[in-house]
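Spelled out, the chains give:
Protein chains: 2
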Amino acid sequence: MTSIVRVIERILVPPTDLLGDGVFETLHLRPSGPWLLDEHLARLARSAAILDMPSPSVRLPGDLPDSGALRIIYTRQILDISVSPIPASVLRERRDGVRALAADSGISVRRRPPWSIAAAKSLSYAENFAARRWAARHGADDLIGLSTEGYVLEAPTASVVWLTGDELCTVPPVEAGILPGITAAHLLSRAPSVGLRPAERMITLGELAAADTIWLASSLRGLAEVTSLDGASRTRSPWTPRLLELLGYSATDA
Amino acid sequence: MTSIVRVIERILVPPTDLLGDGVFETLHLRPSGPWLLDEHLARLARSAAILDMPSPSVRLPGDLPDSGALRIIYTRQILDISVSPIPASVLRERRDGVRALAADSGISVRRRPPWSIAAAKSLSYAENFAARRWAARHGADDLIGLSTEGYVLEAPTASVVWLTGDELCTVPPVEAGILPGITAAHLLSRAPSVGLRPAERMITLGELAAADTIWLASSLRGLAEVTSLDGASRTRSPWTPRLLELLGYSATDA
Chain A
1 MTSIVRVIER ILVPPTDLLG DGVFETLHLR PSGPWLLDEH LARLARSAAI
51 LDMPSPSVRL PGDLPDSGAL RIIYTRQILD ISVSPIPASV LRERRDGVRA
101 LAADSGISVR RRPPWSIAAA KSLSYAENFA ARRWAARHGA DDLIGLSTEG
151 YVLEAPTASV VWLTGDELCT VPPVEAGILP GITAAHLLSR APSVGLRPAE
201 RMITLGELAA ADTIWLASSL RGLAEVTSLD GASRTRSPWT PRLLELLGYS
251 ATDA
Chain B
1 MTSIVRVIER ILVPPTDLLG DGVFETLHLR PSGPWLLDEH LARLARSAAI
51 LDMPSPSVRL PGDLPDSGAL RIIYTRQILD ISVSPIPASV LRERRDGVRA
101 LAADSGISVR RRPPWSIAAA KSLSYAENFA ARRWAARHGA DDLIGLSTEG
151 YVLEAPTASV VWLTGDELCT VPPVEAGILP GITAAHLLSR APSVGLRPAE
201 RMITLGELAA ADTIWLASSL RGLAEVTSLD GASRTRSPWT PRLLELLGYS
251 ATDA
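For the record, the sequence lines run as chains A and B. Numbered according to this note's numbering, the first sequence spans residues 1 to 254. Numbered according to this note's numbering, the second sequence spans residues 1 to 254.
Bound conformation, chain A alone:
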């Protein structure tokens, strides 16, 4: 087991480590340190348990940069910690929002197989990338996956959050069989401090479209407001800068 900190570069692994059979986390680096570190380490350990891997022992170095992305990759052979700049597209989506398409992911919330790893943030991410490429081919930036029953699930790399009146909602991860979103959960925990009521709800696409505002929540983007859904433009919300500020994200830089 090796542990290395690098800025991008290359890593030495056995070829079998390229089969996606591990887990990872991506964290937002801030002057105060990696944001929501305990929560991300706890999810890394839960993901590992879902893949029948021992709990990882992560020791971060003291000299991390005060901005950028921190990635922790944990396979059956290695634990790798790397730092990279936040891609410009991520900052643009935080600032300008995303055009999203909703589509049937072919997954039933009631029939996840008993060996499902959907609740783990696994390294088997090819389908997530494929979903985003499909959205891009259809003139959008991102995708909102629906269950075969018509429920809103998640985006390929983000949780779905929405505001209706003063209720700030996300999808219940256990009931939906999706990855528990750390940024979304933290946002909901802070909602009362800005006069909003947090809630978890299973909703349909029609109900989502009727919400006042929709966001995709993830660690680097923070909140990316959905500016169009299935081609229908949506009015920008005054809540976006307010909630980004609440979470400590800058709308203009890293």
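It cannot be assumed that every hint is accurate.
Restraint-style ranges between C-beta atoms, simulated for each label pair [unchecked claim]: (1) B:Asp253 - A:Pro54: 49 to 55 Å; (2) B:Arg10 - A:Val174: 34 to 40 Å; (3) A:Asp253 - B:Glu200: 52 to 58 Å; (4) A:Pro238 - B:Ser55: 48 to 54 Å; (5) A:Pro87 - B:Pro85: 36 to 42 Å; (6) B:Glu207 - A:Pro241: 57 to 63 Å; (7) A:Pro192 - B:Pro85: 46 to 52 Å.
Listing some non-contacts, in silico: residues in chain B with all C-beta distances to chain A over 12 Å [unchecked claim]: (8) Ile73; (9) Gly195; (10) Ala199; (11) Ala210.
Bear in mind the hints are in silico, worked out from the structure with no lab data behind them. From the three backbone atoms N, C-alpha and C, an ideal C-beta is built for every residue, glycine too.
Following the hints, complete the assembly by docking chain B onto the known chain A.
Here is chain B on its own, set in the frame of chain A:
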């Protein structure tokens, strides 16, 4: 783009190459060379196309060993070729067969999402490994996945083949939305030479259980006879050694 031949060892990759966003093939090395090389290279190229990757340019070295496993891994950054011994468990399953469990994979054959990569042999293999671990926890060796409609799909690392009378069958990959099995397709193409009629059929678990013999077909195991299905023992078939011989596999060694 680098290309290396090694016996196991380690490989230098960018950390993003650990996100399962690539494709691979595993071939059976024989004294005559890598078996069904053209077919595996064609599938590698088809898999790459499904992931919107350029067609790989694979040049194998001339000094490959005459037994073992050859693995070709192709990501957006690297093309890696490695050789390893065939695991003892693989040879044992070829010789002694496998106890299989059938289970709902939660996937509908009619509702694959438009971005599905199920027909590609992608590096995002964690769910396949998880399915086999689940089978092992339940006293079996392998798993036969069923669609939500009840159709037999595939095993996590193999195609399902069965014999009923003189009809040798497998699942139609396009209709089922599964990976096209190279070993299974080759076996069916050779069926007439031993007096069997090849066919592709969508069948239910009940129909599969009623077959005379069931095998899991893959490049290293060749054919692993299903010796029990969901706990019900099955009579060993005289066809297993005959078909292994037809395909050029030894029942006793590599």
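Taking the hints in turn, this is what the structure says about them:
1. B:Asp253 - A:Pro54: 49 to 55 Å: 35 Å, violated
2. B:Arg10 - A:Val174: 34 to 40 Å: For valine 174 of chain A against arginine 10 of chain B, whose Cβ atoms are near 38 Å apart, the range 34 to 40 Å holds.
3. A:Asp253 - B:Glu200: 52 to 58 Å: Holds, since aspartate 253 of chain A and glutamate 200 of chain B (Cβ atoms, about 56 Å apart) stay within the stated range.
4. A:Pro238 - B:Ser55: 48 to 54 Å: Hint holds: Cβ distance 49 Å, inside 48 to 54 Å.
5. A:Pro87 - B:Pro85: 36 to 42 Å: This hint holds: roughly 41 Å between Cβ atoms.
6. B:Glu207 - A:Pro241: 57 to 63 Å: 60 Å, holds
7. A:Pro192 - B:Pro85: 46 to 52 Å: Given range 46 to 52 Å: violated, Cβ gap about 60 Å.
8. Ile73: 5 Å, violated
9. Gly195: About 38 Å separates glycine 195 of chain B from the closest Cβ of chain A, which puts it past 12 Å; holds.
10. Ala199: 27 Å, holds
11. Ala210: Given a closest Cβ separation of 24 Å, the condition holds.
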